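**Student:** Chains as they are written, first to last, in my numbering: chain U, 6 to 385; chain B, 5 to 616.
Honestly, the hints are just simulated from the structure, not real lab data. Fair warning: this is a prediction, and the values are worked out from it, not measured in the lab. The beta carbon of each residue, even a glycine, is placed where N, CA and C say it ideally should be. Be careful, since some hints might not be right.
To be verified - Straight-line distance between alpha carbons at most 27 angstroms, and here's what the computed DSSO-like set of lysine-lysine pairs gives:
1. 13/B - 215/U
2. 339/U - 63/B
3. 281/B - 295/B
4. 64/U - 63/B
5. 215/U - 21/B
6. 63/B - 84/B
7. 161/B - 339/U
8. 475/B - 498/B
As the list claims (entries may be wrong) - Under 10 angstroms between C-beta atoms, here's a sample of chain B residues computed to sit facing chain U:
9. 29
10. 31
11. 35
12. 44
13. 67
14. 71
15. 101
16. 106
17. 154
18. 155
19. 194
20. 196
21. 197
22. 198
23. 371
24. 373
As the list claims (entries may be wrong) - Covered stretches of chain U (in silico footprint by chain B; criterion: 3 or more residues with CB under 8 angstroms from a CB of chain B, positions within the stretch not fixed):
25. 113 to 127
26. 155 to 165
27. 193 to 202
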Amino acid sequence: MRPENYQAISHPPSNEYELNFGPNHPGIEGNYALKVKLHGDVVVAARADGGYLHRGFEKLMEGRLWIQNIALVPRICVPDPVPMEVCYSMAVETLNDMEVPERAQWLRVLQLELSRIAAHLFTFGGHAATTGMYTTMYWGVADRDLILDLFEEWTGGRVYHIYNIPGGVRRDIPEGFLDRVSHTMDYIESRLPDYDNLFFTNQVFVDRAKDTGPMNQQQALEWGVTGPNLRATGLAFDVRRDDPYLVYDQIDFEIPTEAPGDAWARTLVRRQELMQSIHIVRQIVEKLPSVGGPVRTPIPNPLAWNVPAGETYTRVESSKGELGYYVVSDGSDKPYRVHIRGPSSMHAVRVLEQLSLGARLEDVAQIMFSLDACPPEVDR
Amino acid sequence: MSDIDYKEKGSILNPLKSLQFFARKAVTEPLEPRLASLSYRGFHLNDWELCIGCSSCQKVCDNAAISMIEIPGLPSDPLKGVRNQRPAIDYGRCCWCALCVDICPTGSISLSREYVHTCTQEEIDSYFILPDPNGIHKKFYGYGWRKVADSDLLNLKRGEMGERSADQRSDNFDEIVDGYSLEQAVAEASRCVQCGMCHDACPTHMHAPEYIRAIWQQDMEEAVRQIYRTNPFSHVCGRICTHCCETACSIGRRGDPVAIRWLKRFAMDSLDHETVKAIAAQDKVDYLSGKQIAIVGAGPAGLTAAFDLVKLGHQVTVYEAQAEAGGMTRYGIPEYRLPFDMLDQDVDVIISLGVSIEYNTRIGVDIELSQLQLDNDAVLLALGLQLGRSTRIPGSEHAQVTKAVDLLRKIAADEAFDVPRSAVVIGGGNVAMDIARSLARLQRQQYGESRMTLTALEDLAHFLADPVEIKESIEEGIEILDSRGPQACEIDEKGRLIGLRTWKVLSIFDEQHRFAPSYDESDEQLHAGEMVIEAIGQMSDVSLLGDELTERLEWNRGRLQVDEAGRTSEAWLWAAGDCVNGPDVVHAVADGHRVAASIEAVLGQQETDHES
């Protein structure tokens, strides 16, 4: 620019300023960014940007064999990978009109519930950390590790189990495994009073979380909210009960709800769900020895496996909400299109933007963690 | 459930209860490395003794982390299905999903319990690992994720082939094997891991992975196009090939090899004849070279060479002594294994390209070989092995002692002869089985029952015949006596043949591995039969060469000596097929291609020399 062309830009006087919140912010989950416009420390506008992962899972899946995708899908939601594997496998099984052996179904439910417990422990910890209570986070991560130990022994992987494949699961549980599951469940249950004392009934948490980021039931339904976030507005909707898959119709469990729909309610719903999951795991531990048979229906050679043309939508209840896979096959050896209906893409974009309005800056991170959004699932 | 009502308003005192943790013992973790679980998916291990370098791990790898590296010192044997390649892992890409373990046809690859690897910037290429049984740091930490029955991704069971029962087949020459249905063929084709061991093992290097893939995709025209790239005797080979491909198949390491032969048959049978002809003619040049080539013998070798040469624009004439083409595939293989109309189709495809065949024309009798030399730019001898060898035991000159090939020819040509009520076959190869089973059928047709005995030097486990042939022969009521050495054809005082006298064989070869059978003379048996049939090997009828040429040519143990390209010591004369290599259809086809390429190269060179 030539100096004679320079014109100073004059800004109107303003009390508002913009702040980039993330992608490398300690208070935000994963590679996620939020651009917030603040008046003082009150948010007047928020713009979510989940694009910092650049992963493109859905597109990647179109270039891989049906079997190869089982190693890809757990990465879409790191803290709760099992629903991804199960839901994808269920979609492929539906397209193939394939039966899954009963034992494999019980094993899948065991996996799903252990994964839910691990994910909830992680989320409390995260929520606590955003309110400054780091001890709860350390505890949550440490206790989650005990479940990862179980997964390691069972599936050979701590985080990415890659255990569910179309047709069933890759192998049976090891000798004596159910005893160790029971032991871990007993331990985690015994730890719950400690969590309650330190976090859930801590006045700091209650005061900060109550009335923070509230939404009512109608808003939740309009915004496509599912899972604990929806149940925290008083609506008892759970895919496990309302559209049962696997063997959930043979399992006894309750669906905890809370009315207020704020950050406090959302986290409390998870606290109660954790207990329900322990209850479910105990039922499976009791039931599993009486369910014999194979753990897998053989699939054709995965290098030459054409899945019949068609499309399907399968859904499961993940720890974050309703997870759905819309899979289209054109009859070839790779998916034609996979679309993932991840709960986090609603919670972390539209809902987070809305709930942040009027909140104070220090509560933005808390709202995000109370929504339990998983950024890689947004940017898929 | 917790006894705290957490729905109440929070208390500032509750978190203070956690202060009790100060009084508890601290949680500590030992400093030494933690051992991973028993099915952990850590760094790879690969048993190099078991690994065959088939590259299935590379194909299933979802991150393209595996590349196959050639290791010069390792064994490499196409016929056994072994390559000197081993997988190398790029740990910058690997995601430890263990699909490579689950698909491995041999079970050689596994994951270990080892999971720690660090390196400096200078050692960054240590992330590329060629796994061996010791693991990444040459220290074995124990097996982690290994293949178990539940996780095996390969289908090791071959699709059942329908065939007619012994009762249904033993009195007629109808084809035994049904062939696959489309559904069966697609399922069988889907078992293939596309390793290409079959391609390497096949004498004519058929593009088996490609046509199996095409069958799986239900594109039969493409399958036949791939088949015709290397084999104009596809109907024949789809039925009676000795299938080196299946011996080398990597799926056969732990299970049944892919039924490559039946898949080829299915692809060929699923197209109509005109379409096959159109596919075969696709790469024929549209000009004439002006060269003339004579081929003696219309068997697989001669006709394959004719097929190649005519497509290159040469004028090819095939001289055949018999009334029909096919050579030993017509006159040596019974119709229940290879129906004549299937052979006719293969031959017709070759004729449709412009090859002319002079039937009933015996070189040396009807036309002199020297005349062919004068009239043509090149001459190819594809004579076949039509003379049976004799045991030369006492009595073998009797009129009722015959050679299997002569009798098979009579049966194929529908010539009349007196079918014996009982007969003894000497030999344990496929020809012996063929004649025994053919005669048994004729006996059933004429007399309602069969009495066939087959004796061989070898014990049953070492018969040269295909195991399926032995099994089916026994099912058809043929008495098979192994380890019996023929001593004499017994003739009674009226001059009638009454049977074969044999001794028990103790060993066939001496210490220097030379053929020198030793017998237990006390174990002598007489096998009754009105006819004794010798099926102990064949040789070529080379009388057409004439004395002078026979003298000039070079020989190798009674067979014509040829160079690698199939050319004899005479510049104008090539030889190919069984008369050079011994009996096998697919080897003859391979030989036909090789000789055609040699003739084309030599004629092309002559053209260039002529122009310059």
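**Student:** Now tell me, hint by hint, if it's right for this structure.
**Tutor:** For each hint, the structure was consulted:
Distance hint between residue 13/B and residue 215/U is fulfilled; the C-alpha atoms sit about 10 angstroms from each other, no more than 27 angstroms. As the CA atoms of residue 339/U and residue 63/B are separated by approximately 14 angstroms, the hinted pair is consistent with the 27 angstroms bound. Distance check on the hinted pair: residue 281/B and residue 295/B sit about 24 angstroms apart at the alpha-carbon level, within 27 angstroms; holds. Simply put, residue 64/U and residue 63/B have alpha-carbon atoms about 20 angstroms apart, close enough for the 27 angstroms limit, and the pair holds.
The suggested pairing of residue 215/U with residue 21/B holds, with an alpha-carbon distance near 22 angstroms, which does not exceed 27 angstroms. A C-alpha spacing of about 21 angstroms is found between residue 63/B and residue 84/B, which places the hinted pair at or below 27 angstroms, so the restraint holds. The suggested pairing of residue 161/B with residue 339/U holds, with an alpha-carbon distance near 25 angstroms, which does not exceed 27 angstroms. Taken as a hint, the residue 475/B and residue 498/B pair is broken in the structure, with Cα atoms around 38 angstroms apart against an allowance of 27 angstroms.
For residue 29/B, the suggested interface contact is broken, since its CB lies about 15 angstroms from the closest CB of chain U, more than 10 angstroms. About 8 angstroms separates the beta-carbon of residue 31/B from the nearest beta-carbon of chain U, less than 10 angstroms, and the hint is met. A distance limit of 10 angstroms between C-beta atoms decides the matter here; for residue 35/B the minimum to chain U is near 18 angstroms, and the interface restraint is violated. Hint status for residue 44/B relative to chain U: holds, with the closest Cβ pair at about 5 angstroms, below 10 angstroms.
Proximity of residue 67/B to chain U holds as hinted, the smallest CB-CB distance being about 8 angstroms (cut-off 10 angstroms). Restraint check, residue 71/B versus chain U: the minimum CB separation of about 17 angstroms is more than 10 angstroms; hint violated. Because the smallest distance between the Cβ of residue 101/B and any Cβ of chain U comes to about 4 angstroms, under 10 angstroms, the interface hint for this residue holds. With a cut of 10 angstroms, the hint placing residue 106/B at the interface with chain U holds, because the nearest CB-to-CB distance is about 7 angstroms.
With a cut of 10 angstroms, the hint placing residue 154/B at the interface with chain U holds, because the nearest CB-to-CB distance is about 5 angstroms. A hinted interface residue such as residue 155/B counts as satisfied when its beta carbon comes closer than 10 angstroms to some beta carbon of chain U; here the least separation is about 5 angstroms, so the hint holds. For residue 194/B, the suggested interface contact is upheld, since its CB lies about 4 angstroms from the closest CB of chain U, less than 10 angstroms. At about 6 angstroms, the closest approach between the beta carbon of residue 196/B and any beta carbon in chain U falls short of 10 angstroms, and the interface hint on this residue holds.
Using the Cβ-Cβ criterion of 10 angstroms, the hint placing residue 197/B at the interface with chain U is satisfied: the shortest such distance is roughly 6 angstroms. Interface restraint check: residue 198/B against chain U, minimum CB-CB distance 7 angstroms, threshold 10 angstroms, status holds. Below 10 angstroms, beta-carbon pairs count as interface contacts, and residue 371/B has none with chain U, the closest being about 53 angstroms; its hint is therefore violated. For residue 373/B, the suggested interface contact is broken, since its CB lies about 52 angstroms from the closest CB of chain U, more than 10 angstroms.
Restraint check on the region 113 to 127 of chain U versus chain B: 0 residues with Cβ-Cβ distances below 8 angstroms, three needed, restraint violated. Coverage of the region 155 to 165 of chain U by chain B holds in this model, with 7 residues showing a Cβ closer than 8 angstroms to a Cβ of that chain against a need of three. Beta-carbon proximity to chain B at under 8 angstroms applies to 5 residues in the region 193 to 202 of chain U; the threshold of 3 is reached and the given coverage holds.
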